[in-house]
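In terms of this note's numbering, the sequence shown has 240 at position 240, counting the first letter as 1, and numbering is strictly consecutive.
In short, the hints are calculated from the structure, not lab data. Possibly wrong hints are sitting among the right ones.
[Claimed, not checked] Below are the DSS-like pairs computed for lysine-lysine, each with C-alpha atoms no more than 25 Å apart in a straight line:
#1 103 - 70
#2 94 - 132
#3 19 - 70
#4 130 - 94
#5 94 - 74
#6 19 - 46
#7 112 - 46
#8 103 - 130
#9 46 - 70
#10 74 - 112
#11 94 - 112
[To be verified] Label pairs and their calculated CB-CB ranges:
#12 104 - 163: 18 to 24 Å
#13 15 - 111: 33 to 39 Å
#14 163 - 6: 51 to 57 Å
#15 23 - 288: 19 to 25 Å
#16 266 - 68: 54 to 60 Å
#17 265 - 132: 54 to 60 Å
#18 178 - 55: 33 to 39 Å
#19 12 - 258: 25 to 31 Å
#20 251 - 167: 18 to 24 Å
#21 136 - 116: 38 to 44 Å
#22 258 - 112: 47 to 53 Å
Ideal Cβ positions, reconstructed from N, Cα and C, are used throughout, including at glycine.
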Amino acid sequence: MNIELRNVGMQFGERRALKSLSMRLPDEGLLVVGGPNGAGKTVLLKLLAGVVDPTDGAILWDGVPISARKMAYKFRLGYSPQNPTFYEEHTVIKCLTYFAQLKAIPSHLCPKRVAEVVQMIRLQAVAKRKVKHLSGGERARLAFGIAILNDPDLLLLDEPGTDLDPEERRNLWDHIASLRPGRTIVLATHIFAGLEGLADRLLILDDGAVVCDADVDVLLEAVAPFVWQVVDERQEVRAAWPDACLIVRKRRCGNVTEWRLLAERRPVPHAERAEPTLEDAYLWVRWRGC
Numbered sequence: 001m002n003i004e005l006r007n008v009g010m011q012f013g014e015r016r017a018l019k020s021l022s023m024r025l026p027d028e029g030l031l032v033v034g035g036p037n038g039a040g041k042t043v044l045l046k047l048l049a050g051v052v053d054p055t056d057g058a059i060l061w062d063g064v065p066i067s068a069r070k071m072a073y074k075f076r077l078g079y080s081p082q083n084p085t086f087y088e089e090h091t092v093i094k095c096l097t098y099f100a101q102l103k104a105i106p107s108h109l110c111p112k113r114v115a116e117v118v119q120m121i122r123l124q125a126v127a128k129r130k131v132k133h134l135s136g137g138e139r140a141r142l143a144f145g146i147a148i149l150n151d152p153d154l155l156l157l158d159e160p161g162t163d164l165d166p167e168e169r170r171n172l173w174d175h176i177a178s179l180r181p182g183r184t185i186v187l188a189t190h191i192f193a194g195l196e197g198l199a200d201r202l203l204i205l206d207d208g209a210v211v212c213d214a215d216v217d218v219l220l221e222a223v224a225p226f227v228w229q230v231v232d233e234r235q236e237v238r239a240a241w242p243d244a245c246l247i248v249r250k251r252r253c254g255n256v257t258e259w260r261l262l263a264e265r266r267p268v269p270h271a272e273r274a275e276p277t278l279e280d281a282y283l284w285v286r287w288r289g290c
C-alpha cells in the first residue's frame, strides 16, 4: 500500500502529541517505531489505523486522504491496539468469528480462516475458553490473531510483545517475519531483543517529533564501532571507565561481571567490540543522536 504522511500533527488540548510528521511508509517490510513513553508511538498508530483523524496535515493512500475512503481503507488493514478490548463472555472461537464478520470475510470462509488463525496464534488448547479466563499472554495472542484475520496489506501492532514471555515473543517475531513479504508492517515497541534481521527500518520518536528514521542495516553498521563488551573478574573496572560511556547491560555470573557498553573510544584496555543489536542502536541514537 502506498501510504504517505504529509505534515501530520496531533493536538490534545495544549499538548502537541505529534509535530508535523512527514514520511512515506515502506511498500513492504517491517518498520519498527521506538521512543520513550509519551513520545507519540501509540498516537501515530491510531492515526494510521484511522481511529482518530489528525489535527493538521493528512494521511494519504495512493494520494487520496484516508478520511475520504475510510471504509475501504480499513478493510485493507489489521490493527492490534496497545490495550485491546474484547467481549469477555465470548469464547476465543466466537471472538475471532465476530471480528471476521466485521472484517467482511465471507461467512462460508469464516470457520476455515478462524481455525487457521487459532493454530497460528497457538490458542488451540483454549479455543473454547471464554476470553475473561485467558491469561495476559493469551489475550495478547488473541489481539494479534484478530489483526491478521483478513490477511491485511497494512498491519499495525502497538506493543504486541509486552505481555508475552520470551518464548512466546520469539514465536510472535517469527509470525511477523513470515508475514513480511508483500505487506507493510508497523510495530511500535520498547522491546528490541530478537528484531535484528527482521526489522527493515527504525523510526524513533521523542516528544512527538522524529529524531531518527534510518535503514536498520545502515544504522547497525554506523553504531558497530561504539559497542563494547567488558568481562571483569576483579570488580574494579567500573572506576576506570570514562565519563562518556553508557551502560547497556550488566550481568553477574559467579565472580565474573560482564558489561555491555556504548562508548566512542575503548573504555578500558581489555574491552572488546561486540556485535551491535537494535537495542544498542536505539540507545545510541537516544544518547548521541542519529
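> Which of the numbered hints above does this structure break?
Replying inline: 7, 12, 13, 14, 19 and 21
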